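Trainee: Got chain A; can you put chain B on it based on the hints?
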Amino acid sequence: MNVQAWTYLIVTATFALYIGIAWWSRVASTSGFYVAGRGVPAVANGMATGADWMSAASFISMAGLISFMGYTGTIYLMGWTGGYVLLALLLAPYLRKYGKFTTSEFVGDRYYSDAARLVAAGCTIFVSFTYIAGQMRGVGVVFSRFLEVEVHWGVVIGVVIVFFYAVLGGMKGITYTQVAQYCVLIVAFLIPAAAISWKITGNPIPQFGFGGSVQEGQQAGVFLLEALDALHRELRLPEYTAAFVPGKKSMIDVTAITLALMVGTAGLPHVLVRFYTVRSARAARWSALWALVFIGLLYTTAPAVAAFARVNLISTLHGTRYSEVPEWFKSWETTGLIGFDDKNGDGMIDMADGADELTVDRDIMVLANPEIAELPAWVVALVAAGGLAAALSTAAGLLLVIASAISHDVGKSVLWKDMSSRRELLLARGTAAGAVIVAAYFGISPPGFVAQVVAFAFGLAAASFFPILVLGIFTRTTTKEGAIAGMSTGILFTGAYIVYFRLIRPEATADDWLFGISPEGIGAVGMLINFALALTVSRFTRPPPEEVQQLVSEIRLPRERAADSP
Amino acid sequence: MGDGVLSPLLSRQPDPSAYWRANLRLMAILLAAWFVCSFVLGIFLVEPLNGVRVGGFPLGFWFAHQGSICVFVVLILVYAAVMDRLDRRFGVD
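Read top to bottom, the protein sequences are chains A and B. Just so we're aligned: the first sequence equals residues 1 to 566 in our numbering. Just so we're aligned: the second sequence equals residues 1 to 93 in our numbering.
Chain B on its own, in the form it takes in the complex:
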């Protein structure tokens, strides 16, 4: 039996602790983005950001009423897509 048959099996050897570390790193990045777009831009910095106008929106107000929700959707999209890849790469799917 040659390497050609075994290598796909070997590369799919599950490595739970590496998988978990990769998952935690991804989570930390996404949760930091979650915090920044909602609490930092939508609440803490809303007053200075309201001095900036984008179209008809004061920027801080826009984050508080629209932008944060759009970012939340993107964050979950990135999470689900990257986790699919991690599942496959670490052979835990």
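Next comes chain A alone, as it looks inside the complex:
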């Protein structure tokens, strides 16, 4: 069987599995739809959080990105995992204790204000839509590369699947399909990683092979990372493991970006809501642990894959005759992911700095891995299924958050306070359906600004939600005026900085940036402004009412309130 037949087979089988799970876990109540009836076991929620969190970007692009960045790739590795420590210690158990359905709901109740609730719901919808467009696009791209379907048909197929299980099964359907999707994506990531690790270093565990030595070729016996640094010196590029050298990001920028991504992770609504689905505050703590274990499995493998792919790319292609390139080069050349332009006309590939002969798309590092490692066709097909699982699971989680923000926070809590549960469920399904269609449109014809701002969803989440949530739990005295001032100034400052340096003056360099912090990292500054302003304004405004201070004392204790117990 060839790659395409295998891909059709495996992708169809996984889709059938997702739909089967959705049918089995369909729901009939608002609690089931928004928070899966709060009955998800901690381990299952950890897996679901892993799939929810790891998007098409983590699965397909991250290893390739790191491969080109070397040390600086740590901004993604630490930035997208360190936030779980903040989430576990500062937010998850308390938000779960408070209960109810959404993060905006906590903001609205804790800050005794519908204005705060609406600002939070607005931030949720904005952040989630920018993020989801990238996911639908990812679905389309995987379809087009592996199944030779047009990108927009790929998006339509993905939308139909997500529509089915998000609208029918709500959070419950999404949770259990995400558990399945996590299994698919992690297997699809680890098998080629182990194979390439085995091939290059003789150790099948990528995390160990990363620190091992090269098996074959000119550098046999040399430590992998030393060999890689030597190859980079040969090409007049900065060493792979070197930090802050010219051509790489500065220390302050690496610090700011890492912090913004960490804090942003802890403030992303689709991640926070996962912790509403477990049984108790205690289960929320353990489920944060499981989430990071499952995420860490991919995140400690990715930098190893990045290094293997880099060594492999340079040692097989640099100085090689174009007529003698390996077969995978030819097959991926047709997709445009890798290209050779013989500028000096010597028929050889020159990868040295400035030669500019080889163009490599970062995605190829993961997508072409199975072929580089000479794995059977079914593994290539599995990678396609893994990429789809990563994109679909994140898209579904985001859709649900958008639907809840509209139907619950705007609809039930503000506009139609006396809406019945049945009507609310109908409205929630309707908004989920509407959001799927909008997301599909964004996926088929992404507006230019989406690609520009999607990477900044984290900065915006860091500057808006995180400080307000932390202050809402850890202080009794932060007032609604303080929260609204902090949240809106944080997001406006961060948004304005990003728009200015991305859209208005994209040619600006590090010298123009505030303290040398790039737009990617400015969310860290926005967060500090938010904290400072919220605390200052709270000192000069009327303290929160007694019942709100009581509420804060209440959420700090894991025990369920008497009214909630049978």
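In short, the hints are calculated from the structure, not lab data. This one's a predicted model, so the numbers in the text were calculated from it and none came from an experiment. Take every hint as true, because none was put in to throw you off.
Pairs of lysine to aspartate or glutamate, DMTMM-like flavour, derived with a Cα cap of 20 Å: (1) Lys343(A) / Glu357(A); (2) Lys97(A) / Asp93(B); (3) Lys97(A) / Asp15(B); (4) Lys330(A) / Asp361(A); (5) Lys199(A) / Glu374(A); (6) Lys248(A) / Glu47(B); (7) Lys330(A) / Asp350(A); (8) Lys417(A) / Asp114(A); (9) Lys97(A) / Asp87(B); (10) Lys248(A) / Asp512(A); (11) Lys248(A) / Glu234(A); (12) Lys248(A) / Asp353(A); (13) Lys97(A) / Asp84(B); (14) Lys248(A) / Asp511(A); (15) Lys330(A) / Asp341(A).
Mentor: Relative to chain A, chain B alone:
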């Protein structure tokens, strides 16, 4: 009714403020470790630490690409386990 019957009840008398102080102290320790393993070892001191080699890894690079993630997992594990004990000790579970 003897002390034997009452004492388990008495020892489980919830003390929210002591519980909260114990929680904050644990958090402060774990967050300090979080900061040290990621920002200090993985970023601020990465250049001097890269002079130290452990196996095939420059140490600073290892913290930035692998070690910090492993430490994060351990930190949450310690937090969840110790909080379970605090919940029981202060009778708030």
